[in-house]
Structures are given as structure tokens and as C-alpha cells.
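Sequences and hints are given; from them, build the entire structure.
There are 2 protein chains.
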Amino acid sequence: MNKISLLKKFELFNEHWTPKIIGELNGQQVKIAKVKGEFVWHDHANEDELFMVIKGRLIIHLRDQTIELNEGELYIVPKGVEHKPEAPEECWILLFEPQHIAHTGEVISDLTKVSEDWI
Amino acid sequence: MNKISLLKKFELFNEHWTPKIIGELNGQQVKIAKVKGEFVWHDHANEDELFMVIKGRLIIHLRDQTIELNEGELYIVPKGVEHKPEAPEECWILLFEPQHIAHTGEVISDLTKVSEDWI
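In the order they appear, the protein sequences are chains A and B. For the first sequence, the working numbering gives the first residue as 476, with consecutive numbering after it. For the second sequence, the working numbering gives the first residue as 476, with consecutive numbering after it.
Just so you know, these hints were derived from the structure itself, not from any lab. Be aware that one or more of the hints could be misleading.
It does not matter which identical chain is used: a pair holds within one copy or between any two.
[Said to hold, decoys possible] Subject to a maximum C-alpha distance of 27 Å in a straight line, what follows is the list of computed DSSO-like cross-link-like pairs (lysine-lysine):
{"id": "1", "residue 1": "Lys483", "residue 2": "Lys554"}
{"id": "2", "residue 1": "Lys559", "residue 2": "Lys478"}
{"id": "3", "residue 1": "Lys484", "residue 2": "Lys530"}
{"id": "4", "residue 1": "Lys554", "residue 2": "Lys478"}
{"id": "5", "residue 1": "Lys554", "residue 2": "Lys495"}
{"id": "6", "residue 1": "Lys495", "residue 2": "Lys559"}
{"id": "7", "residue 1": "Lys511", "residue 2": "Lys554"}
{"id": "8", "residue 1": "Lys530", "residue 2": "Lys495"}
{"id": "9", "residue 1": "Lys530", "residue 2": "Lys554"}
{"id": "10", "residue 1": "Lys495", "residue 2": "Lys511"}
{"id": "11", "residue 1": "Lys530", "residue 2": "Lys478"}
{"id": "12", "residue 1": "Lys495", "residue 2": "Lys478"}
{"id": "13", "residue 1": "Lys530", "residue 2": "Lys483"}
{"id": "14", "residue 1": "Lys511", "residue 2": "Lys559"}
{"id": "15", "residue 1": "Lys530", "residue 2": "Lys559"}
Encoded structure:
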């Protein structure tokens, strides 16, 4: 495989809330996404999910608190914990999560994508 | 859990080649390390390993090529592939790999640490 440049990968797409796979290891996937606005409340029954902010600011609403992530900060949402990501301005994030996870969990919304897109 | 700031975590230690665990998810661990100089040739028989450069420059020697990673670049070394990381100047890296992996693989050297250190 070749090395992966985050910046170059982010330059390849512009749509929001559509995670792209950039790497795979040990049954896990590394994804990137551009996000803006509010996502939907959801959880993942069996998977923890890592969010890392590469550029901008991400707010992760939890039922009992709100996490604000800036560039170089990360947060792991444990499995089963409801969360709603929000980005007031466009934000670039990196995700680590198991293969074949639906990004809206069991919740089907207009935003639901089956993320099997490599970039 | 609280959010994790990479920069703040890196400020907490100075030793080289001693990965510190900063997060855990789905049986995988997120680690950070400061590295400088040459590491030893080794492989991990059953685990893929992700290297991401947060600051500086990392050279990953493989038997058939050399990968040079700068800030914001990452590389996944597949399981079973021999590699030798090297950093001519101090470099800060993020690692993603399964729990309970020895960073020198089966090779025991003066640099071998069992990385169970959370930071």
C-alpha cells in the first residue's frame, strides 16, 4: 500500500456526512468525513466510535453532557451511548470504527449512508 | 470519559520509543509516542499497525521500499511485514493497534517495552 495524506484525501470530495474509508486494519476502518450542521441522534449497540477533529470544531451532544472538540482533539463514544454530532461550521473529522457499521446506527434517516466508499 | 487533546498528552512525557495509551475501543488501542533515532527491525505476526505523524517526519523502512511520512500522513503496516521505524529528528506519532501488542513484535531488544502505560 501507499502512504495516505489526510489533506489530499479531504481534497477529493465535498459532500457532508458521507464518511469515506481511507484505511483498514484488524477489522477496523479509518474514515474521514466533512460535516456541517446537525446529525441525527443515534447509537451503535456493539461498537465504540472514535471521532478526531482534523480541522474546525465538532460538538458531540450526549444525553448528559456536551463535548466540544477542536483540532487535534478526540473523543471515543462508547457502544450503546446515544450521541448527536453537530458542526456549526464545516468541520473535517477522522473516524475509527469497525467495518460495516452504519453511521446512523439503527436509526434510518435521510442522512443514512452505508459507508463502503473508499477514497 | 473526557475528551483527549493530543498536544496536552504529548506534553506529559519526553522519553523516546515508549508508546503511551490514550484510548481504547473495540479491542484496539490508540497510543502516542515520541520517537528519535532508529528502532529495530521487527514484525507483528497477527496485527496490522497504523502509524500517523502528528509532528515531524517518520521514515518506515520496509524490506522492499522506504515510506516517508510527514505531518498529517499515515501508513498501515500489514501483519507479518517487517519494518523498522526511524526518525532523524524527534517525531511525534499516533499508533492504532490491537490491545496487548509488543511494539518490537517477537524481537526482544533493549528498546522492548510492554506498553500498558496509560497517560
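Status of each hint after checking the structure:
no.: 1; hint: Lys483 to Lys554; in the structure: between (31 Å within a copy, 26 Å between copies)
no.: 2; hint: Lys559 to Lys478; in the structure: between (32 Å within a copy, 15 Å between copies)
no.: 3; hint: Lys484 to Lys530; in the structure: both (13 Å within a copy, 19 Å between copies)
no.: 4; hint: Lys554 to Lys478; in the structure: between (30 Å within a copy, 16 Å between copies)
no.: 5; hint: Lys554 to Lys495; in the structure: both (21 Å within a copy, 23 Å between copies)
no.: 6; hint: Lys495 to Lys559; in the structure: within (19 Å within a copy, 29 Å between copies)
no.: 7; hint: Lys511 to Lys554; in the structure: within (24 Å within a copy, 36 Å between copies)
no.: 8; hint: Lys530 to Lys495; in the structure: both (16 Å within a copy, 24 Å between copies)
no.: 9; hint: Lys530 to Lys554; in the structure: within (25 Å within a copy, 31 Å between copies)
no.: 10; hint: Lys495 to Lys511; in the structure: within (15 Å within a copy, 33 Å between copies)
no.: 11; hint: Lys530 to Lys478; in the structure: both (20 Å within a copy, 16 Å between copies)
no.: 12; hint: Lys495 to Lys478; in the structure: both (16 Å within a copy, 24 Å between copies)
no.: 13; hint: Lys530 to Lys483; in the structure: both (14 Å within a copy, 17 Å between copies)
no.: 14; hint: Lys511 to Lys559; in the structure: within (12 Å within a copy, 40 Å between copies)
no.: 15; hint: Lys530 to Lys559; in the structure: within (19 Å within a copy, 31 Å between copies)
The structure shown violates none of the earlier numbered hints.
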